[in-house]
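Residue numbers (my numbering), protein chains in the order written: chain A, 1 to 296; chain B, 1 to 296; chain C, 1 to 296; chain D, 1 to 296.
Treat the hints with care, as some may be off.
Put simply, identical chains are the same to the list, so a pair is met inside one copy or across any two.
No more than 20 Å apart at the CA atoms, straight line, and that leaves these computed lysine to aspartate or glutamate pairs for EDC-like [said to hold, decoys possible]: (1) K106 to E182; (2) K289 to E122; (3) K157 to E64; (4) K154 to E123; (5) K83 to D30; (6) K83 to D19; (7) K289 to D131; (8) K83 to D171.
Derived from the structure by calculation, the hints contain no laboratory data.
Protein chains: 4
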Amino acid sequence: MPIENKAPGKDVSDADMIDKFPLAAKKHPDHRSRFAVQGVEFGGDLVPIFAGPNMVESEALIVETARSVKASGAHFLRGGAFKPLSFPYRSEKYTETREDGLAWLKIAREAAGIPIITEVMEERFVDAVADVADILQIGARNMQNFPLLTRVAKTGKPVMLKRHFGCSLRDWLGAAEYILIEGNPRVILCERGVATAHTHRSSSRFLLDLQVVPAAHEVTHLPVVTDPSHATFWRPWVKPMALASIAAGADGVMLEVHPDPDNAAVDPLQPIDFDAFGQLMDDMDAVAKAVGRRVK
Amino acid sequence: MPIENKAPGKDVSDADMIDKFPLAAKKHPDHRSRFAVQGVEFGGDLVPIFAGPNMVESEALIVETARSVKASGAHFLRGGAFKPLSFPYRSEKYTETREDGLAWLKIAREAAGIPIITEVMEERFVDAVADVADILQIGARNMQNFPLLTRVAKTGKPVMLKRHFGCSLRDWLGAAEYILIEGNPRVILCERGVATAHTHRSSSRFLLDLQVVPAAHEVTHLPVVTDPSHATFWRPWVKPMALASIAAGADGVMLEVHPDPDNAAVDPLQPIDFDAFGQLMDDMDAVAKAVGRRVK
Amino acid sequence: MPIENKAPGKDVSDADMIDKFPLAAKKHPDHRSRFAVQGVEFGGDLVPIFAGPNMVESEALIVETARSVKASGAHFLRGGAFKPLSFPYRSEKYTETREDGLAWLKIAREAAGIPIITEVMEERFVDAVADVADILQIGARNMQNFPLLTRVAKTGKPVMLKRHFGCSLRDWLGAAEYILIEGNPRVILCERGVATAHTHRSSSRFLLDLQVVPAAHEVTHLPVVTDPSHATFWRPWVKPMALASIAAGADGVMLEVHPDPDNAAVDPLQPIDFDAFGQLMDDMDAVAKAVGRRVK
Amino acid sequence: MPIENKAPGKDVSDADMIDKFPLAAKKHPDHRSRFAVQGVEFGGDLVPIFAGPNMVESEALIVETARSVKASGAHFLRGGAFKPLSFPYRSEKYTETREDGLAWLKIAREAAGIPIITEVMEERFVDAVADVADILQIGARNMQNFPLLTRVAKTGKPVMLKRHFGCSLRDWLGAAEYILIEGNPRVILCERGVATAHTHRSSSRFLLDLQVVPAAHEVTHLPVVTDPSHATFWRPWVKPMALASIAAGADGVMLEVHPDPDNAAVDPLQPIDFDAFGQLMDDMDAVAKAVGRRVK
Numbered sequence: 001m002p003i004e005n006k007a008p009g010k011d012v013s014d015a016d017m018i019d020k021f022p023l024a025a026k027k028h029p030d031h032r033s034r035f036a037v038q039g040v041e042f043g044g045d046l047v048p049i050f051a052g053p054n055m056v057e058s059e060a061l062i063v064e065t066a067r068s069v070k071a072s073g074a075h076f077l078r079g080g081a082f083k084p085l086s087f088p089y090r091s092e093k094y095t096e097t098r099e100d101g102l103a104w105l106k107i108a109r110e111a112a113g114i115p116i117i118t119e120v121m122e123e124r125f126v127d128a129v130a131d132v133a134d135i136l137q138i139g140a141r142n143m144q145n146f147p148l149l150t151r152v153a154k155t156g157k158p159v160m161l162k163r164h165f166g167c168s169l170r171d172w173l174g175a176a177e178y179i180l181i182e183g184n185p186r187v188i189l190c191e192r193g194v195a196t197a198h199t200h201r202s203s204s205r206f207l208l209d210l211q212v213v214p215a216a217h218e219v220t221h222l223p224v225v226t227d228p229s230h231a232t233f234w235r236p237w238v239k240p241m242a243l244a245s246i247a248a249g250a251d252g253v254m255l256e257v258h259p260d261p262d263n264a265a266v267d268p269l270q271p272i273d274f275d276a277f278g279q280l281m282d283d284m285d286a287v288a289k290a291v292g293r294r295v296k
Numbered sequence: 001m002p003i004e005n006k007a008p009g010k011d012v013s014d015a016d017m018i019d020k021f022p023l024a025a026k027k028h029p030d031h032r033s034r035f036a037v038q039g040v041e042f043g044g045d046l047v048p049i050f051a052g053p054n055m056v057e058s059e060a061l062i063v064e065t066a067r068s069v070k071a072s073g074a075h076f077l078r079g080g081a082f083k084p085l086s087f088p089y090r091s092e093k094y095t096e097t098r099e100d101g102l103a104w105l106k107i108a109r110e111a112a113g114i115p116i117i118t119e120v121m122e123e124r125f126v127d128a129v130a131d132v133a134d135i136l137q138i139g140a141r142n143m144q145n146f147p148l149l150t151r152v153a154k155t156g157k158p159v160m161l162k163r164h165f166g167c168s169l170r171d172w173l174g175a176a177e178y179i180l181i182e183g184n185p186r187v188i189l190c191e192r193g194v195a196t197a198h199t200h201r202s203s204s205r206f207l208l209d210l211q212v213v214p215a216a217h218e219v220t221h222l223p224v225v226t227d228p229s230h231a232t233f234w235r236p237w238v239k240p241m242a243l244a245s246i247a248a249g250a251d252g253v254m255l256e257v258h259p260d261p262d263n264a265a266v267d268p269l270q271p272i273d274f275d276a277f278g279q280l281m282d283d284m285d286a287v288a289k290a291v292g293r294r295v296k
Numbered sequence: 001m002p003i004e005n006k007a008p009g010k011d012v013s014d015a016d017m018i019d020k021f022p023l024a025a026k027k028h029p030d031h032r033s034r035f036a037v038q039g040v041e042f043g044g045d046l047v048p049i050f051a052g053p054n055m056v057e058s059e060a061l062i063v064e065t066a067r068s069v070k071a072s073g074a075h076f077l078r079g080g081a082f083k084p085l086s087f088p089y090r091s092e093k094y095t096e097t098r099e100d101g102l103a104w105l106k107i108a109r110e111a112a113g114i115p116i117i118t119e120v121m122e123e124r125f126v127d128a129v130a131d132v133a134d135i136l137q138i139g140a141r142n143m144q145n146f147p148l149l150t151r152v153a154k155t156g157k158p159v160m161l162k163r164h165f166g167c168s169l170r171d172w173l174g175a176a177e178y179i180l181i182e183g184n185p186r187v188i189l190c191e192r193g194v195a196t197a198h199t200h201r202s203s204s205r206f207l208l209d210l211q212v213v214p215a216a217h218e219v220t221h222l223p224v225v226t227d228p229s230h231a232t233f234w235r236p237w238v239k240p241m242a243l244a245s246i247a248a249g250a251d252g253v254m255l256e257v258h259p260d261p262d263n264a265a266v267d268p269l270q271p272i273d274f275d276a277f278g279q280l281m282d283d284m285d286a287v288a289k290a291v292g293r294r295v296k
Numbered sequence: 001m002p003i004e005n006k007a008p009g010k011d012v013s014d015a016d017m018i019d020k021f022p023l024a025a026k027k028h029p030d031h032r033s034r035f036a037v038q039g040v041e042f043g044g045d046l047v048p049i050f051a052g053p054n055m056v057e058s059e060a061l062i063v064e065t066a067r068s069v070k071a072s073g074a075h076f077l078r079g080g081a082f083k084p085l086s087f088p089y090r091s092e093k094y095t096e097t098r099e100d101g102l103a104w105l106k107i108a109r110e111a112a113g114i115p116i117i118t119e120v121m122e123e124r125f126v127d128a129v130a131d132v133a134d135i136l137q138i139g140a141r142n143m144q145n146f147p148l149l150t151r152v153a154k155t156g157k158p159v160m161l162k163r164h165f166g167c168s169l170r171d172w173l174g175a176a177e178y179i180l181i182e183g184n185p186r187v188i189l190c191e192r193g194v195a196t197a198h199t200h201r202s203s204s205r206f207l208l209d210l211q212v213v214p215a216a217h218e219v220t221h222l223p224v225v226t227d228p229s230h231a232t233f234w235r236p237w238v239k240p241m242a243l244a245s246i247a248a249g250a251d252g253v254m255l256e257v258h259p260d261p262d263n264a265a266v267d268p269l270q271p272i273d274f275d276a277f278g279q280l281m282d283d284m285d286a287v288a289k290a291v292g293r294r295v296k
């Protein structure tokens, strides 16, 4: 039949789940992966929160933020030492701190007693990042960088795999399979917005796809978290989309938190400040409890 | 500048809100319309629930459903007597009941003591539908059928305006303005899914856009409800997306409820049954309370 | 199978073409509708050209344009007397000329000896428009306004059915079927751009979908034309997309032509002037001949 | 202003072109890069054709294909020795031939006297691929794999940069800039389809975006080619979209050609056979000549 037919009841076989995703696929309807990272459990009733700045701008900034988000109950400190940029040019302000940033993350980790998640963009830095990070993050643009996935998987560290903004759930699970096949079972999926015709603001480039949360849970046992900050690119929408993520069943939420959002080195329209984060932790916990889970 | 630039900080003027949406635009940051329909208040702490079958298949079905959803706490009975179909052909099962359906809705309204929302597709039926309905629904395909909007607005009845699956928030507010300009202030916006590259199931044609809830609240005082059933087209996703809608700040939720979903005359993959609806009312109420609102 | 699978070889039945599109579907591989409108043949080797301003601004403008495009070889004069607007407010410049516009189109038709295509937006104006127009145009926003389609079909006049920017080929053929079922076989499909994530300019809202040309030809015998002006919304792209349309097999091209584009009452970024149109007619004819057809 | 506004006339500055794309941006309106690869000139009146199988399945197959497409006038032989797969599992048939494939390409290159384009997916294989290939191809999934871009750029070999199916023109030019900044000016952009709501067949995953051809030409001096085979994923649409590409101004066309398409190791729905390719060369040449260029 020559034309597109997305009608209900279309008989598509289950072969994909067996052939393409033997490791990511659920084995029974209630199958959910449960694993701990530094004592924080994924896939259970806890909904872990990842909080911190877009970039590790300085030692002072990351240590201050680590202490603050830890005090508010965050489970992981996020922050980028390496940062992909669509263009090869950096402004003076927008500078990757790279090895320095990794060192500062390590200091913040110790100072605040909070585990770290940070992005790794290149194979040659995998070991250096793995030395600091408790979870290695694969950015959206690298979702299908298969050699990098393989290399990261081999570290044995947990991996957060962000969904590319143009890729399907099928593509995403295929990428997860590249990690799982290396014998690394601790894969966390992260939805961070998709490219669509309408995102509602000229400053917003993506739409947070919350439908993918139940859709992923239907087929895979892997935990699914969301990143409302990067998806919405707009501070006022972060709270409602974070709460909606938890209500939709997300197994974690990643949030951009900065001591002085308006002066963030990058993307100043999206981070929330410490007070807003503290309040949001309470609000997220309330919603989590309403759906039988907890943030705190 | 010749290429697309959706970067943060782009300086776009507020002129649109003043020139194009003088009636739909918020006049101050906390501006929210509040109005009652048959004693049910919109825009306040209550999150009204609209429940019922896709189609008014028979008198017995609609009366039974009205009584059941009312008993579970629904605020409005939904059901279509007129039903747009992409093709001019109807199967034996999939038949509009039209004037009969309207009469049965009226009977159900009296029998169960629940107000009615139903779709009107043609100007010539506006009076007949308005005679039965407490809220007139404009379907997604008619969102920009401006003569119909004008005619419906003139009835003075509240209007639910569904967002077309290919239209922007800007288009949607423009359509609302066509109703408001007739002196009819009771307009309810309803998000029911957008066409995107990936909807996660071959049986699912749309993606519920929850980001539009805070986006609409940012610019308009009109209440915004969602329709997870039509958006997802898939029963198991209705609950998580209904809960997420409320957490995102939706001012109402529309749900397809059928006594025997597998044998529904149309779209049998999406309705939930009476028991599931009763349970979902409790779950929605819990989430609503977590965000300072209530369903019951 | 629970996740989206758009893989090659998916076995989808041909039932749709028989059940949903019995009139629009091709009956054999070479099946193409051929019909004449005022002596201009559709579906043959000729590629008819529709040219004129977005709006019938004045009698002088439309008569001047009619003579000019006719002299350059255009087959139909296009121009809107009625014009859908996303908002109910009109600037002083952007005013529909309505009945006056229809009268001026009639004058232009006689003065230049060129048949007319113009849009009809409301059932109540169908007769008035049909009195002037040789082809009745259904705008994208009304593609699924089924009562309007039925009413227009009953005039017996040829109908150009524009594709909605959010609708599928399947939806489009379904709408065509509503016209065909009234016994009106002269339906012309018109692609005018789809809403997508990226349109390449902030001033451009749509992407001209040329892939739909062979896709439609594969399943339907109806002629398919394109409208590069509305799709691209950007004058410099009109010529390449018009030429590409013909190379892709389009059975006609609609172009916005204005004596003074920069001062057009609406959408001044998209029309081309008389000289550019004259040159484009030559260029289109050259491409048409390269693919075994002709514009002149 | 809080809502999306893609209206005409929006005043967006040209700063992007100067700041973000100093090397890719046109310096004057007629600026077009011209460079030769093995004597084949890009950016001039010639429209080079890249033809060959999806995968280098065997020595016999690639040598036979090289000779045939060369005889028909193709300028480059395409074929993958390395092939990205969404899943880590390969069927028996669908096996990368890797180093063997590279060796066979080298043999075919000598046997038929035709230069080679082939994809490089990993930094560690860049030298091996560069030893064989006259042009190094970066696949869509690696468009923003910046370390790979840098590494490939440093070889000094011409680079074909495929556009990711979810990325904007802005993203694409940013990626090109990563190559140009290494002092490698021979960058060829290749459009191969975008993810959209509607692609018209359940077997087709992308829509060939021909609007990007004039859009790219408006801002960059780099040549732009298209790949209708991968975009459409459907043999009958390859010819119309190839012809449309040339009419739209494409500076080259990449085509999948296989001696026995139905038995191709991968994606058997998209390649054309030798006879069809020979005929298409004539047809493309005719369209090219109609727009002042040539294929032969």
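Right, here's what the structure says about each hint:
no.	hint	in the structure
1	K106 to E182	neither (27 Å within a copy, 33 Å between copies)
2	K289 to E122	neither (39 Å within a copy, 46 Å between copies)
3	K157 to E64	neither (26 Å within a copy, 48 Å between copies)
4	K154 to E123	both (11 Å within a copy, 18 Å between copies)
5	K83 to D30	neither (37 Å within a copy, 36 Å between copies)
6	K83 to D19	between (35 Å within a copy, 19 Å between copies)
7	K289 to D131	neither (35 Å within a copy, 43 Å between copies)
8	K83 to D171	between (23 Å within a copy, 15 Å between copies)
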